[in-house]
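**Q** Each chain is listed here by its residues.
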Amino acid sequence: MSESKEPKDQTAGVSRRNLFHILGSAVPAAAVAVGAAGSLEAQHEHGGGSSESKSANQPFQRRVFDDHQWKTVQVLCDLIIPADESGPSASGAKVPEFIDDWIAFRTEQDGNQNFRGEMLGGLMWLDRESNKASGKDFVDAGEAAQKQLLDRIAYPKKTAKDDHPGMAFFSQFRSLTVSGYFSSKPGVAALPYLGNRAVAEWKGCDPKVWAIIEDRMKNGYKGILEAKPWVAS
Amino acid sequence: MAQVKANPKTYDVVIVGSGAGGGVAAHVLSLAGAKICMLEAGDWFDCTKDTKMFEWPYNVPHRGAGTREKSWGYFDATTVGGWQVPGEPYTNAPGSDWIWWRARMLGGRTNHYGRISLRMGPYDFKPYSRDGKGFDWPITYDDLAPYYDKAEGLIGVFGSHEGLENTPDGVFQPPPAPRGYERLIKAASDKLKIPCIPSRLAILTQPLNGRPACHYCAQCGRSCGVNANFNSPGVHIKPAMKTGNLEVRTGAMVREVLVGSDGLATGVAYVDKKTRKEVEVRGKIVVLAASCCETARIMLNSKSTRFPNGVANSTGLVGKYVMDTVGSAVSGFLPILQDLPPQNEDGVGGMHLYMPWWLYKEQKAGKMPFARGYHIELGGGRAIPGSGALGGYATRWLGGGYGVELKQNLRKLYGCEVHFSGRGEMIPNEDSYCEIDPNVVDQWGIPVLRFHFKWSQDEILQAKHMQETFKEILETMGGVVTDSYGGEDNWGIKRGGEIIHEVGATKMGDDPKTSVLNQYCQAWDVKNLFITDAAPFVSNADKNPTLTISALGWRTSEYIADQVKKMNVKV
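Heads up: the sequence lines are chains A and B, in that order.
193 is the number of the first residue of the first sequence in this note's numbering; add one for each residue after it.
3 is the number of the first residue of the second sequence in this note's numbering; add one for each residue after it.
Chain B with its partners taken away, still in its complex shape:
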């Protein structure tokens, strides 16, 4: 191809993606001395320069309201990306309704995410053994525990030591004290025997490695100007660049993994978005961490005579068993919180308390109508007033009205709203996968993904349990349910992809016939190809994926460094 710009340099490692998975690989491998080229499809992003921290909604367009281009509003740290990326479509097969959040920026979705950092527990690695559904991981909790320690030690996670079933404690900084409405919810949860404990978020409450502690402005989602929360550019990439071993290329939209005649990866080909030219970068080892589905897309598009169905896809399993998290929410209003003396309820950018899954014993005893569990996330209080603040309160709570009385009553109702969100485990199924759409390419000429997705009864009944539980908690506090869902709405279960926890697509395993990767996230078919995002996940426990991406990616990266030392991988 005449348009291909060949680069004579061969890196030790080429990493595709700069989020949690690419970041941790760059961090570990650059410190181990590897010369790395990292490719990011979006632009450079530096939260210490580009943050919207402390900005007031009244000083920004439309009070920060969401737009077609920025569905989460002006303040969302995702500078380019969202449910739709201009010029980079995806499609759904008939009957599927998947949505796919992508972040085209350095650090990927670590800029946007909720910083919830939960370890998977011992049961979560062997779900098939426990209830006969899905698959077991090829590793145990004990295999990953040391890497959870390392990941938490680097990114900084607060939490408390509780010793709860299948809810492993970690290396924690002290948790922030709860807000008023959170203490109230805890009191109600105690009554109902639902554990309510300090949350576990990747936000510093003590200084760490030159990063200051949180200053409690509650706006992690805007990106933190001082790196007091975990984000890949500030925590992984900057220190990695300081070693002199990491080169980052932005605007690099990876098309495919290149493979030599010996079946080993030789590097990747990408489209330079500025010049629209295809560029090849050579590497002795290729690490894919483009995000679960994007990684599958690159692999499926990497067709060669050696791998006619896509690189490392001799099993045909690449793209299969895509999972998201089960989400369902209830909002309520708590009269008990009316007209309290004002206080600052900002805190960290997320909940200070949460409820881990608590019905393991009932489930084991066969008393539950669904498999697997969920945790409960909290929101509410005297949050920063932006677009829509108190908008519907007059009709909803006061029977209407106008004038001074309305104004004074509205002020008394501020801070009475609470929100419960369930985040539960989806079991992998045959009907949920992604493949290449044979008819559509993106603006870079790269074939796009077509999604197939279905919830099973296990997930829908879990959403039902969420709805019923959240109402019960609200009613225990004398609260009124404002938004909830019934059976006609499938219990408010969110759309596939909506929780932005997609995992799976290149499952790891013990057997090359039934898995794409071995237990070190190394492709069975191509021994110098590794994956460090959530694509290797075998199941999707209710424990949000990012911390496990970090731990698993760390383990994979150490394995790569070790194998290179032993010359087992080096070409």
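Looking at chain A on its own, in the form it has when it is part of the complex:
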């Protein structure tokens, strides 16, 4: 393949305004908010935004967690993903709501209580271990004690055998928190994911990014971080 075969201006015959017009008229209003300015860029800014009201119109109702579990989940989620300059914390991105919904969904889809049991049982494991250590439930133990407990179960290779049930729970809970966060609106922005929008002219890989990749290729295909392949035993 030769790079000279990159397409020229593909928009010939369909101007940016036309393209926007076609998109705007063809796509349901729920899927794309039509920017008042009528420009592609306006659409980028608002793309998909209007359908947010769909979930906003349906107030969230817990289907899995009771009040105590709910408080625990909030704290646990935010210990896993706190706020930083890239975006809000997990609870700020409504990850606890996502997890409650996800457990209910899985229970219904799987036709059994196994996953729900692992999640609720894991929360009880946290409380039991927290009480053993400090005489308090996890949610009341304070950040230092909470982190002490997490340090025992958050690093599978370093986890003591007796703590393996807690590790198994935490690994699953962390996966849910991470995917719930990065698939949320603020999580998408935190990554950031820059697509799901109309692009008038596709140019391929940004030359600046390709230059970095080429440089790394010369340097033995290494990235900045060392990969840490790890397989659960």
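Please note that the accuracy of each hint is not assured.
Claimed, not checked - Derived lysine-lysine pairs resembling BS3-like cross-links, with alpha carbons at most 27 Å apart:
1) A:Lys377 / B:Lys72
2) A:Lys395 / B:Lys193
3) B:Lys414 / A:Lys377
4) A:Lys339 / B:Lys414
5) A:Lys410 / B:Lys193
6) B:Lys51 / B:Lys275
7) A:Lys410 / B:Lys473
8) A:Lys263 / A:Lys377
9) B:Lys414 / A:Lys400
10) B:Lys414 / A:Lys410
11) B:Lys456 / B:Lys466
12) A:Lys410 / B:Lys195
13) A:Lys339 / A:Lys328
14) B:Lys466 / A:Lys377
15) B:Lys473 / A:Lys349
16) A:Lys286 / B:Lys414
17) A:Lys414 / B:Lys193
18) B:Lys37 / B:Lys568
19) B:Lys286 / B:Lys240
20) A:Lys414 / B:Lys195
21) A:Lys395 / B:Lys414
Hint data in this document are derived by calculation from the structure and do not stem from the laboratory.
Following the hints, put chain B in place on chain A, whose structure we already have.
**A** Structure of chain B alone, referenced to chain A:
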């Protein structure tokens, strides 16, 4: 039968199915002036009204996760259908594990498919002559080449002119420039002397016939709201309806082809799903394009005194030699892509580069342990985050952790995953076929299919070669294999039917004793019965079937129009 609603009108052509095969027949024949009735078992579908384009996963139930009812998730364009269709079962013979994807909607599986559009090459039409396995087609590449030109010209395919062995170039729009990880994979492939070239997808990069070019949102699988990709309703059916010659009936579940005392087809009988009444529609010519196995089912269920084993089945070959594509995949992680400046890697709804089969010479020289080849499909990059996004990364790549450090590291790992999928040729065998299950009917009272299926060593060893090759490419890029398969898993070969490329079942040929159809996909036994889906296929080259369905269906449709003009077929 008292419940049968007779319709006095006789159409020139009755077409069963509205996907790639039914669509192309409707398109060509309606423009030729034929009065057509098209029957679709599912509902009406208009992607310009029903698309989920630009919708965000966070605004839909469970971030778009797959469900029992919609295994490919909320966004899949298949509105009704999947591995199971409620009330329309199929069965497996003991020891078989076939799965069957059906789309009950206007346009059938053209709404869902990956738009990969590869021409079969000269070798692919004469595989038996080349290696002594399977069968030769009754036509050559040169017979079909003009129809590939026409099909590509109508549906719009991008690609590049490469001149590679048995990988014919076509009528191409310019290909989109590759993404970053694709350029990296190409560099590794160059090192390994595996050709890596622009893919060939039925997605417009330039406007065509009033359809705009792609806007690069990567979501073809959701259906395109502006018809910038090929789908039968937008590209075939709508223009055909504009001629005034095409009537489409939806919710029409075809039971059988009706045959007169002279042995010619007189039309079809279907169940109107709304009223649950049986309806007959009369046609001078019947075209079946219900999808390979569904077409065989209709034929086997069309029993009459003239055809006690099913219409046009004097050979007993209807349902035989069903093939799918060999599939096996490897996923990997590329540390070299960590923490790159963010960019939009959406592009078109599919790969921008792919690797066509490259070991023809080695195979010819007897140096390969299996017959036939495969191509490699690519995936990866900074894809739209939906259900499960980055879920297992913490344990898998970072040894665990939590807090700000975890969050920042996860952001650096986004976009490092790549996926390789092999898509290879299966050789037809005696153990892979479908027949009517004598004990089971669907909710419309129509007997269902029972499948028999087996891979041979050729396919399993091909999957082994895929696994080894994909690992080698990954390691050449300093990558780490995350998901792969060994001999204990039959090298990760997918289940029969899983790649959704089923072809065969009513093979065409030169000899009425050893084939169901002649080279124009016309039944030897019933000269006004034609098939335009993938059922006539004699082999299943690694070139995904849809483009060949389009080209072969076009050729068949022109033949029908020509024969009608000459009054050779008209009843």
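**Q** Measure nothing beyond the straight line between the CA atoms of A:Lys410 and B:Lys193; if it is 27 Å or shorter, mark the hint as holding.
**A** holds, 14 Å
**Q** Hint check: A:Lys339 vs A:Lys328, CA-CA at most 27 Å. Holds or violated?
**A** holds, 14 Å
**Q** Could you grab the alpha-carbon distance between B:Lys473 and A:Lys349 and see if it respects the 27 Å cut-off?
**A** Given that 27 Å is the threshold and the Cα spacing comes to 26 Å, the pair holds.
**Q** Does B:Lys568 lie within 27 Å of B:Lys37 when you go C-alpha to C-alpha?
**A** holds, 17 Å
**Q** Hinted pair, alpha-carbon criterion (27 Å max): B:Lys51, B:Lys275. Please report holds or violated.
**A** holds, 23 Å
**Q** Has the given pair, B:Lys414 with A:Lys377, been kept, meaning a C-alpha gap of at most 27 Å?
**A** Given that 27 Å is the threshold and the Cα spacing comes to 18 Å, the pair holds.
**Q** For the pair we were handed, A:Lys414 and B:Lys195, check the Cα-Cα distance against 27 Å.
**A** holds, 23 Å
**Q** Compare the distance between the alpha carbons of A:Lys395 and B:Lys193 with 27 Å, and conclude whether the hinted pair is satisfied.
**A** Holds. A:Lys395 to B:Lys193 sits at ~25 Å (cutoff 27 Å).
**Q** Are B:Lys414 and A:Lys400 close enough, with their CA atoms no more than 27 Å apart?
**A** holds, 17 Å
**Q** Measure nothing beyond the straight line between the CA atoms of A:Lys286 and B:Lys414; if it is 27 Å or shorter, mark the hint as holding.
**A** Distance of about 23 Å is within 27 Å: holds.
**Q** A:Lys414 and B:Lys193: Cα distance at most 27 Å?
**A** Distance of about 18 Å is within 27 Å: holds.
**Q** What's the verdict on B:Lys414 and A:Lys410, does the C-alpha distance respect the 27 Å limit or exceed it?
**A** holds, 21 Å
Of the numbered hints given earlier, the model fails hint 14 alone.
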